[in-house]
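Residue numbers (the numbering used here), protein chains in the order written: chain Z, 32 to 352; chain D, 32 to 352; chain B, 32 to 352; chain Y, 32 to 352.
One or more of the hints may lead you astray.
Copies of the same chain look alike in the list, so a pair counts if it fits in one copy or across any two.
Stated by the list, open to error - Here are the simulated DSSO-like cross-link-like pairs (lysine-lysine), alpha carbons at most 30 Å apart as the crow flies: (1) K93 to K204; (2) K204 to K319; (3) K211 to K331; (4) K319 to K180; (5) K118 to K319; (6) K319 to K331.
The hints are simulated quantities; they were obtained by calculation from the structure and are not laboratory data.
Protein chains: 4
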Amino acid sequence: MDAGAQMQIGDSGNVQLEFVNVTHSIIDAINPVVHTPEGAIVYGLDKRMDHSPVIGDPIDMKRFREIGREGNGVLAYMEDCTNAGRKGRTPSESVARRHLKDVLTSVEDYDGGIVATTFSSHIARVSSLVEFARDIGRQPVLLGRSMEKYSGTAERLGFVDFPGDVGMYGHRKSVDRTFKRIMNEGKENYLPIVTGHQGEPRAMLTRMGRGETPYELSEGDKVIFSARVIPEPTNEGQRYQSEKLLGMQGARIYDDIHVSGHLREEGHYEMLDALEPEHVIPAHQDMKGFAPYVDLASEKGYQLGRDLHVTRNGNIINLVE
Amino acid sequence: MDAGAQMQIGDSGNVQLEFVNVTHSIIDAINPVVHTPEGAIVYGLDKRMDHSPVIGDPIDMKRFREIGREGNGVLAYMEDCTNAGRKGRTPSESVARRHLKDVLTSVEDYDGGIVATTFSSHIARVSSLVEFARDIGRQPVLLGRSMEKYSGTAERLGFVDFPGDVGMYGHRKSVDRTFKRIMNEGKENYLPIVTGHQGEPRAMLTRMGRGETPYELSEGDKVIFSARVIPEPTNEGQRYQSEKLLGMQGARIYDDIHVSGHLREEGHYEMLDALEPEHVIPAHQDMKGFAPYVDLASEKGYQLGRDLHVTRNGNIINLVE
Amino acid sequence: MDAGAQMQIGDSGNVQLEFVNVTHSIIDAINPVVHTPEGAIVYGLDKRMDHSPVIGDPIDMKRFREIGREGNGVLAYMEDCTNAGRKGRTPSESVARRHLKDVLTSVEDYDGGIVATTFSSHIARVSSLVEFARDIGRQPVLLGRSMEKYSGTAERLGFVDFPGDVGMYGHRKSVDRTFKRIMNEGKENYLPIVTGHQGEPRAMLTRMGRGETPYELSEGDKVIFSARVIPEPTNEGQRYQSEKLLGMQGARIYDDIHVSGHLREEGHYEMLDALEPEHVIPAHQDMKGFAPYVDLASEKGYQLGRDLHVTRNGNIINLVE
Amino acid sequence: MDAGAQMQIGDSGNVQLEFVNVTHSIIDAINPVVHTPEGAIVYGLDKRMDHSPVIGDPIDMKRFREIGREGNGVLAYMEDCTNAGRKGRTPSESVARRHLKDVLTSVEDYDGGIVATTFSSHIARVSSLVEFARDIGRQPVLLGRSMEKYSGTAERLGFVDFPGDVGMYGHRKSVDRTFKRIMNEGKENYLPIVTGHQGEPRAMLTRMGRGETPYELSEGDKVIFSARVIPEPTNEGQRYQSEKLLGMQGARIYDDIHVSGHLREEGHYEMLDALEPEHVIPAHQDMKGFAPYVDLASEKGYQLGRDLHVTRNGNIINLVE
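Chain Z extracted, bound-state conformation (with noise of 0.2 Å):
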């Protein structure tokens, strides 16, 4: 089923589920809608309100609209919160594209090694380093297990066609005779996207810092993060040993060249505008990270234990008497 799509669910024959074209920062994604007598559910699932995706289409903030407005309009909204606490919006992926180009371009002339990282799943962010990778006349190439994995995929179904000499390689001998054929060929004529952004010490980014692959950092190399910490001391632990064993190597690091796939503030803001919905329900998180978000619906009118239901997985709300 594919976003736009609806299909009838169930025996009643008035129940009928639907697809919502979103953005986030995997390709393909959607929320779910589900249309019955009493009103729509809508199950706001992770996205961002993206009018310039790099790949696929904008969020189709015209059918939510309609949502709202059609019929019993909207009964229930659920909402993920991740970032609902941070002011402002998300930028669109053309932000950080914007931003990645910009970092590549400034070490143009640099004559030694440049590696890239990111999330693996981003095909949109990989696919912007693959490109690049050319226009600054180095030959990218995509190595690691899952970065292997998901842009296999991606290809396969089509959502983005790289150029046939991009080589992909996840098993530890190929990753090492590619690293071998790199430094036999010149660091400067490759761009190595590579797993670990997160300082995960398994990670090819990681082992590349203990100095465990053929890849060899020399003074001035450029290592660029395209991806943001994920804000847990375990995690900032690792990325911080990363970028120390990185660095002793003489690697120079560009970090945060991202934007999240969450909502903040005034996306948020806009999704109720649009939605209208009769009773929300904050999901995905803590009471923590509820917090903003009731705040913020509570400015727009509703309130706690009326229209507003905080709970937890688990609990059920009834709404229709």
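With chain Z held as given, fit chains D, B and Y onto it using these hints.
Okay, now just chains D, B and Y, sitting in the frame of chain Z:
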């Protein structure tokens, strides 16, 4: 009605109001409890769990535990959540007192000006300042309108007994006259205890920083903030400016010599242990402030919408059917 | 004297002054270089390393590299250290422009008031705001004393060519008359671009927040800060208050749509690579600001007291014996 | 050689080494001073300015002041800058002790497990823990290799005299045997004082968190960190994980019950006042660490390159011509 006392309220004859002794940054603090046939209603106003306060009795945890176990136990417990998100427990006032003594002892040999500021309403702290001033051979003097008002009232009500020669001056003229006397007789003989701990633009210490009083600060003079900046940007901006002004006149700043008057996480944990309430209602905050308290109560088995109620002023929660 | 030009200075006949084109938050920025028989003296004023600025030419890195290699090379290099402690590189103005376009596109369908603010002297940003206002079907209008002054001057000097119908008003009376016209003709047709990005108490946006202008903010109106708060508590306090006032009138805040005008760590690294100076002298900061720059230069082999000189205004450093 | 003692060094007959008593997180700390005909060289090793340490004598400020004024005064003063950027002064160990007593008193009525951890080398703190354990009716027991080593050594050297029945166990087998005994006789009778205050993966407390010891934590058990996390991401990650593991077993965390062993800004100010050195040389840090010290010394009239020397290990500074 004193802490520990009870009185009948209403006409039914079976509803009692009780005041339980607690500890806070002000003297003579209590938490009210209403005993009803359905159980007790505990209204948890601002408090610290202090077993060795400087003035007054320790918090009456024994009574809270009794209330939790006698009759029908506690039907509902409302609690102030100001510091619920801070780990550990709020230290006793005796810790702030020990810290303050340490700071004053460390400047005992200094032969220039020393000035202290704190909350005017914090009689225990003002009293410690008065005591330690004498320990280091200085005459304490209380300056500023609210400093005079609170300390004077506390003395009249018998909560504190300052030495007879401790001056208290609130009016501009008498303050200025006192400052002139201090300058004439030697700054090294006095410890002015003044208003202005938050950098309030019109408070005494801020005026001293702007050079608007006859008290002249010299290079190396010590200014002691026995208070913490209330964490709000307007406040922080004012306090920053006040410290800048004082610093430009040569003053050295000692700050954060303070303990909060509000329970932190482990204090709330112990209150829930003592009261074992049927229903819990966090209060005195917006949702961001409730969040850590709700997470804590959930760890203890309470469940939102069942026996843990997040609401706001004006809402009615029906606990008994 | 334009960027790229040289002129003789002094009577010796062998000292030349050159202006090298750089990129900054203002237009037409240069860094002066003095060529002497002992080598070049490069005075690194405020700049960003921008390869795709919105107005004017990219930074002339080619010329800096030449200066580093021609004749006796660079004898001494002074550099502004404002952002030396921030990782990575400062993004290009084209990234801020893309971000700004994204924000304005996202509110294209909003049919109420939208207001933007930025540095009056930042002509490239003001110019982007003017352009995107029209893209979303609104008439831009520049309001506030310094907004009128800077934009008017830039236009007269030929750095920018605003459409003929873009109004610029600085005097209170003409501003108020403009606001009245906007309210009469419909807020949805205009994009006021105003002063007040730091929450300055007397700037236009702050006055709008206090309700002192004829422009009435309504629930849901958008306020766009294309600026970052200068990180200093007084400032932060003012900006916080300004946002609070705007929020109380219903405004939604979009902030941090900005890039700095100062080099970060990797920009400094590249400048040192290009110039290969014999002596390095960090400038424009106190010691806390120099510290990360000194650490960076040390990584590149410079040594404090030998060829890396930490000093302060008024001191003389003797580089040639 | 004890604090206060002097000895001749070298053959010239006019160079003396003196040890001046200071206070630090370890016992018996001194700062060495070398008296030369040109003046004294004061080497300021790690210290806190403590006028009421729990073990040993207060810092000998009187002697530092004498050294500053006798003979040719102080030619050069090197100082550790670890905490030079923190405002105010480092509190006395007696403040940490009072805080610790407060925490242990607050859990006196708890009838389950209480565990404490601190720096093994911090004999004063361990000694306070042993004392307060008994005050709340629990038998203290020291567990972990370095805990046994340091406390055993301190006792043999006569710095501390633990009660005869305080067990100290370092070897895995004897530790496990002790834990089994505690579990059999009742956790409520003991206070294990263990290694692991930084969340070190192999330390005792971390092993307890992972359930690798016979000591079983229960819901509500208290874990007291009489230490602060050393602010470095790897460390913070480890400590976070340790606390998570302990929390998953139900433990309640009390942390930051500690004072630093390093001078803050006002301690440094007072040392400069006491010594009045001709030359000042900040030490033990990189440039970011020196920066606040340099700013402080500059406020006191020192000038970089003249009598304030920022350098690094291995460099030679020639102070006397």
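Hint-by-hint comparison with the structure:
| no. | hint | result |
| --- | --- | --- |
| 1 | K93 to K204 | neither (49 Å within a copy, 42 Å between copies) |
| 2 | K204 to K319 | neither (45 Å within a copy, 43 Å between copies) |
| 3 | K211 to K331 | between (59 Å within a copy, 28 Å between copies) |
| 4 | K319 to K180 | neither (35 Å within a copy, 40 Å between copies) |
| 5 | K118 to K319 | both (16 Å within a copy, 15 Å between copies) |
| 6 | K319 to K331 | both (20 Å within a copy, 17 Å between copies) |
Of the hints listed earlier, those the structure fails to meet are numbers 1, 2, 4, in rising order.
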